[in-house]
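K.L.:
Chain by chain, the residues run as shown.
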Amino acid sequence: KAGVTQTPRYLIKTRGQQVTLSCSPISGHRSVSWYQQTPGQGLQFLFEYFSETQRNKGNFPGRFSGRQFSNSRSEMNVSTLELGDSALYLCASSLAGNANTEAFFGQGTRLTVV
Amino acid sequence: KQEVTQIPAALSVPEGENLVLNCSFTDSAIYNLQWFRQDPGKGLTSLLLIQSSQREQTSGRLNASLDKSSGRSTLYIAASQPGDSATYLCAVKVQGAQKLVFGQGTRLTINP
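Residue numbers (my numbering), protein chains in the order written: chain E, 1 to 114; chain C, 1 to 112.
It should be emphasised that the hints constitute simulated quantities derived from the structure, not laboratory data.
In this text, a Cβ means the ideal position worked out from N, Cα and C, and glycines have one as well.
Among the hints, a few may not be true.
[To be verified] Quick list of simulated restraints, FRET-style, between CB atoms:
| hint | chain 1 | residue 1 | chain 2 | residue 2 | range |
| --- | --- | --- | --- | --- | --- |
| 1 | E | R9 | C | Q95 | 31 to 41 Å |
| 2 | E | T80 | C | G16 | 49 to 59 Å |
| 3 | C | D39 | E | Q54 | 49 to 59 Å |
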C-alpha cells in the first residue's frame with residue numbers, strides 16, 4: 001500500500017513568487033492536513049481538509065491557502081513568498097478524519113525562498 | 001491553548017542502554033497522543049498511537065505510556081541501537097479541532 005506522496009520534494013523560489021505543493025493521501029484516506037516545520041517554530045498546523053471542505057485552519061496569513069479534490073488529493077498554495085516561508089512542508093493523511101484515527105505523514109516538500 | 005513540551009531536547013547514550021523520553025501537555029482534553037520519529041530532512045514516521053482511554057501501547061522494543069490526568073507521556077526504548085538515532089516527536093490531537101499539536105522533539109543519538 002503506497003504511503004503519503006508529496007511533490008515536489010524540493011523547490012527553490014524567489015521572493016514575491018507563488019508556489020503550489022501537492023499531496024496524495026493513502027488510498028482510502030479522506031482527511032488531509034498540512035504542517036509547516038522550521039527550526040525555530042517546530043511543527044505548526046496550517047489547515048485540514050475532509051471531503052473537499054476545510055474544517056480547521058491554523059494561525060497563518062491569508063497568503064497560505066489550500067484545497068482538496070474529489071479524489072482526496074490536496075494542494076496548498078503560498079502567494080507572494082517571503083524569506084520566512086522557507087521550511088519543510090509536511091502533509092498528513094488519516095482514514096476518516098474523526099477523533100481517534102492515526103495520522104501518517106509524507107516525506108515533505110523542502111521550500112527555499114531566496 | 002494546548003502546549004506540548006519534550007524533555008530533554010537532546011540525549012546521547014551508548015548502544016544497548018534502555019532509555020526514556022518524556023512528553024508533557026498542558027490540557028488533558030485530548031483525543032489521542034502519537035509518537036513519531038523523524039530522520040534528518042525526512043518526513044515523520046508514526047511509531048505509536050495511544051487513545052485517550054488507554055494507558056500504554058507497545059510495538060517491538062518501544063513502549064509508550066499515557067497519564068492523561070497528569071498530562072504526561074513517556075516513550076521507553078529498550079536495548080537501544082545506532083539505528084534508533086533520530087529526532088522523536090510527540091503530538092496530541094486536540095479535542096474540538098482536527099489538528100495535532102507537537103512538541104519540539106528530542107534529538108536522540110545512540111553511540112556504537
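K.L.:
Against each hint, give a clear statement of whether it holds in the structure.
P.N.:
Hint-by-hint comparison with the structure:
Under the hint 31 to 41 Å, the C-beta atoms of E/R9 and C/Q95, about 34 Å apart, fit the expected range. The given range of 49 to 59 Å is respected by E/T80 and C/G16, whose C-beta atoms sit roughly 52 Å from each other. A C-beta distance of roughly 30 Å is found between C/D39 and E/Q54, which places it outside the suggested range of 49 to 59 Å.
In this structure, the one hint that does not hold is number 3.
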